[in-house]
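Once you have looked at the hints, place chain B with the ligands on chain A.
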Amino acid sequence: MKSILIVAGKEFRDGLRNRWAFAITVVFALLAVGLAYFGAAASGQVGFTGVATTIVSLSSLAVFLLPLIALMLAYDSVVGEAQQGTLLLLLTYPMSRLQLLVGKFLGHAAILGVSTLIGFGVAGAVIAAFGDIGEFSEFLLALGLFIVSAMLLGWAFVAFAYLISVSVAEKSRAAGIALVVWFFFVLVFDLALLGLLVGTSGTVSESVFHYLLLLNPTDIFRIVNLTFFEAARTHAGLASIGADAAFHPLVLLGALLAWVIVPLVAAMVLFRRREA
Amino acid sequence: MSDTVFSMQRVSKTWGQVHALRDVSLELRKGQVLGLLGHNGAGKSTTMKLILGLIRPSSGELKVFDHDPSAVESSHLRLKLGYLPENVSFYDQLSGEEVLTYFARLKGIERRQVALLLERVGLAHAVKRRVGTYSKGMRQRLGLAQALIGEPRLLLLDEPTVGLDPMATRDFYGMIDELRAKGVSVVLCSHVLPGVERHIDRAAILGQGQLLASGSIDELRDMAGLPLMVRGRIDGTRDALEQRLSQSGVALTRLNGNAFELAAPAGGKLDVLRNLLQSPDLTDIELDPPNLETLYAHFDGQSRKQETLQ
Ligand SMILES: Nc1ncnc2c1ncn2[C@@H]1O[C@H](COP(=O)(O)OP(=O)(O)OP(=O)(O)O)[C@@H](O)[C@H]1O
Ligand SMILES: [Mg+2]
Chain A
1 MKSILIVAGK EFRDGLRNRW AFAITVVFAL LAVGLAYFGA AASGQVGFTG VATTIVSLSS
61 LAVFLLPLIA LMLAYDSVVG EAQQGTLLLL LTYPMSRLQL LVGKFLGHAA ILGVSTLIGF
121 GVAGAVIAAF GDIGEFSEFL LALGLFIVSA MLLGWAFVAF AYLISVSVAE KSRAAGIALV
181 VWFFFVLVFD LALLGLLVGT SGTVSESVFH YLLLLNPTDI FRIVNLTFFE AARTHAGLAS
241 IGADAAFHPL VLLGALLAWV IVPLVAAMVL FRRREA
Chain B
1 MSDTVFSMQR VSKTWGQVHA LRDVSLELRK GQVLGLLGHN GAGKSTTMKL ILGLIRPSSG
61 ELKVFDHDPS AVESSHLRLK LGYLPENVSF YDQLSGEEVL TYFARLKGIE RRQVALLLER
121 VGLAHAVKRR VGTYSKGMRQ RLGLAQALIG EPRLLLLDEP TVGLDPMATR DFYGMIDELR
181 AKGVSVVLCS HVLPGVERHI DRAAILGQGQ LLASGSIDEL RDMAGLPLMV RGRIDGTRDA
241 LEQRLSQSGV ALTRLNGNAF ELAAPAGGKL DVLRNLLQSP DLTDIELDPP NLETLYAHFD
301 GQSRKQETLQ
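Residue numbers (my numbering), protein chains in the order written: chain A, 1 to 276; chain B, 1 to 310.
It is worth saying that the hints were derived from the structure and are not from the lab. It cannot be assumed that every hint is accurate.
[Said to hold, decoys possible] 20 Å max Cα-Cα, derived EDC-like pairs, lysine to aspartate or glutamate:
1. B:Lys107 x A:Glu11
2. B:Lys269 x B:Asp288
3. B:Lys30 x B:Glu151
4. A:Lys171 x B:Asp92
5. B:Lys30 x B:Asp66
6. A:Lys2 x A:Asp14
7. B:Lys128 x A:Asp14
8. A:Lys2 x B:Glu110
9. A:Lys2 x B:Glu98
10. B:Lys80 x B:Glu27
11. B:Lys107 x B:Glu151
12. B:Lys63 x B:Glu98
13. B:Lys80 x B:Asp68
14. B:Lys30 x B:Asp201
15. B:Lys107 x B:Glu73
16. B:Lys136 x A:Glu81
17. A:Lys2 x B:Glu73
18. B:Lys107 x A:Asp132
19. B:Lys80 x B:Glu178
Note that this is a predicted model, so its numbers are computed, not measured.
The following block holds chain A by itself, in its conformation from the complex:
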């Protein structure tokens, strides 16, 4: 247990040291505040718009950005250490491979989690202070749900990054695969679904479709934040099909959590088999 914390602590401090945490926080905060302020520009006015619109547009941007940031943050976590020789060394220390991987993951998850919390939290505070947020408790719930789902989405892609990192021998390969993974989940998957929908002229039953969307963490993230805003449904893209509250938000969060755990467990299994 102690080794896990030591490894996690080092990883987290590295994230602070190389300004990753700072950069992510600033990007998120600026993005959120900017969207809230200019979100209404399309309709010919600037100034803080409604919370619903802001969160919907924010989630459709975050859905591209978060996975990319998470993959970039962690793609070299194992293969990078393997290449510089420190992995070999760490494995001769009195801790198991499981502890090493969990520690590293917790460190990366903490960097991303804290940055997400602070970045969007600060943005939420700014919006609450200057914008029209309507019912405060509802605003808080919406923001809270957004932040929690954003964290889970980020962690899911950190877990993907780990899965990639333990299965390759070179950093450059890991980077390439990470890009492919990002492209697949953020773009290809939805296009394929759309193709399926069109190709079968809509005969795919709606419930099947709901479940198909669960196969992509980015779609789950979209749905979570859409279901909460019935009103904003008209702004949404493909994911709005699943937005008829087919699943309770907590179920969706659970599905996102599964997307964190499954790749991570797979990464652990592969890491145990990996020859040093």
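Coordinates of chain B with the ligands only, in the frame set by chain A:
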């Protein structure tokens, strides 16, 4: 409590088609220093990784402190091990002190030791500097400090003197002697052989993944049966001596002036020496027993010859 630190019995390791090790049997006892010698790709680093439990043998039996080093439950075993990998580069963005503190904490050693270790390897002046700015030798010293964390009972050092300046190399071997006196066992491999033999108890010579020879230097000399090189000077007539020597089949080579050289066969070297000492004109004599370098060249060359014959 046995004195055996590790024992390998007919251990082989293959990667696909590559036979990195073949039927290697090797043992080390408490307080012994083993020199692992061999050409590039002979299997030295592989042997160390096996002992550390980083990789598993493809066949054969390996025990370290009476345990299987690659078993999950052997992780406490690693408290007793210190390892310096070849070409390690540490976390460039951290300072030397931070790197060592990290590793020390992972071994459950307090920070206070870190400063002492850094001083011991002569890095006290650079503890706050980023490792990225370290010279090659400084990184190597940091690696050594890392291997010494927590007073390990078995040290595995893969080319520890690469990049070290002559004084640092001397200090390093001084340190090895100290550790040995304290009962620490050491496995070290090096391509720089001159001067090493004084500091090792045993040598194991690997070639193409096979153990060509192992034992103390004296045992290796006996096995190799290499001649004793004798150089000396005779001021006066040497005919009588030459004749006596030729009876035992030894030829005397003239060097410049009155100097000479001869190769005394391992079995009959005492006869040759007695003969030499009987000669009243002998004014100087110098004995040059086969050193580690010649022994290595002998065993390595022998295996290569066999290889080409097959
Ligand atoms: N992970 C691996 N996969 C495949 N082959 C390997 C692997 N590691 C080592 N080998 C092979 O095993 C053999 C022994 O390698 P090893 O690193 O033990 O040599 P070495 O004696 O340490 O050489 P050097 O003096 O160059 O360090 C080599 O042929 C090497 O190519
Ligand atoms: Mg080697």
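Hint check results:
1. B:Lys107 x A:Glu11: Given pair Lys107 of chain B, Glu11 of chain A holds - Cα atoms ~17 Å apart, limit 20 Å.
2. B:Lys269 x B:Asp288: holds (12 Å)
3. B:Lys30 x B:Glu151: holds (14 Å)
4. A:Lys171 x B:Asp92: At roughly 17 Å apart (the allowed maximum being 20 Å), Asp92 of chain B and Lys171 of chain A satisfy the hint.
5. B:Lys30 x B:Asp66: holds (13 Å)
6. A:Lys2 x A:Asp14: holds (18 Å)
7. B:Lys128 x A:Asp14: Since the Cα atoms of Lys128 of chain B and Asp14 of chain A sit roughly 16 Å apart, the hinted pair holds (cutoff 20 Å).
8. A:Lys2 x B:Glu110: holds (14 Å)
9. A:Lys2 x B:Glu98: The hint holds at about 18 Å.
10. B:Lys80 x B:Glu27: The hint holds at about 17 Å.
11. B:Lys107 x B:Glu151: holds (10 Å)
12. B:Lys63 x B:Glu98: violated (34 Å)
13. B:Lys80 x B:Asp68: Holds. Lys80 of chain B to Asp68 of chain B sits at ~14 Å (cutoff 20 Å).
14. B:Lys30 x B:Asp201: holds (11 Å)
15. B:Lys107 x B:Glu73: Distance of about 16 Å is within 20 Å: holds.
16. B:Lys136 x A:Glu81: holds (19 Å)
17. A:Lys2 x B:Glu73: At roughly 17 Å apart (the allowed maximum being 20 Å), Glu73 of chain B and Lys2 of chain A satisfy the hint.
18. B:Lys107 x A:Asp132: Judged against 20 Å, a Cα distance of about 55 Å means the pair is violated.
19. B:Lys80 x B:Glu178: The hint holds at about 17 Å.
The structure shown violates the earlier hints numbered 12, 18.
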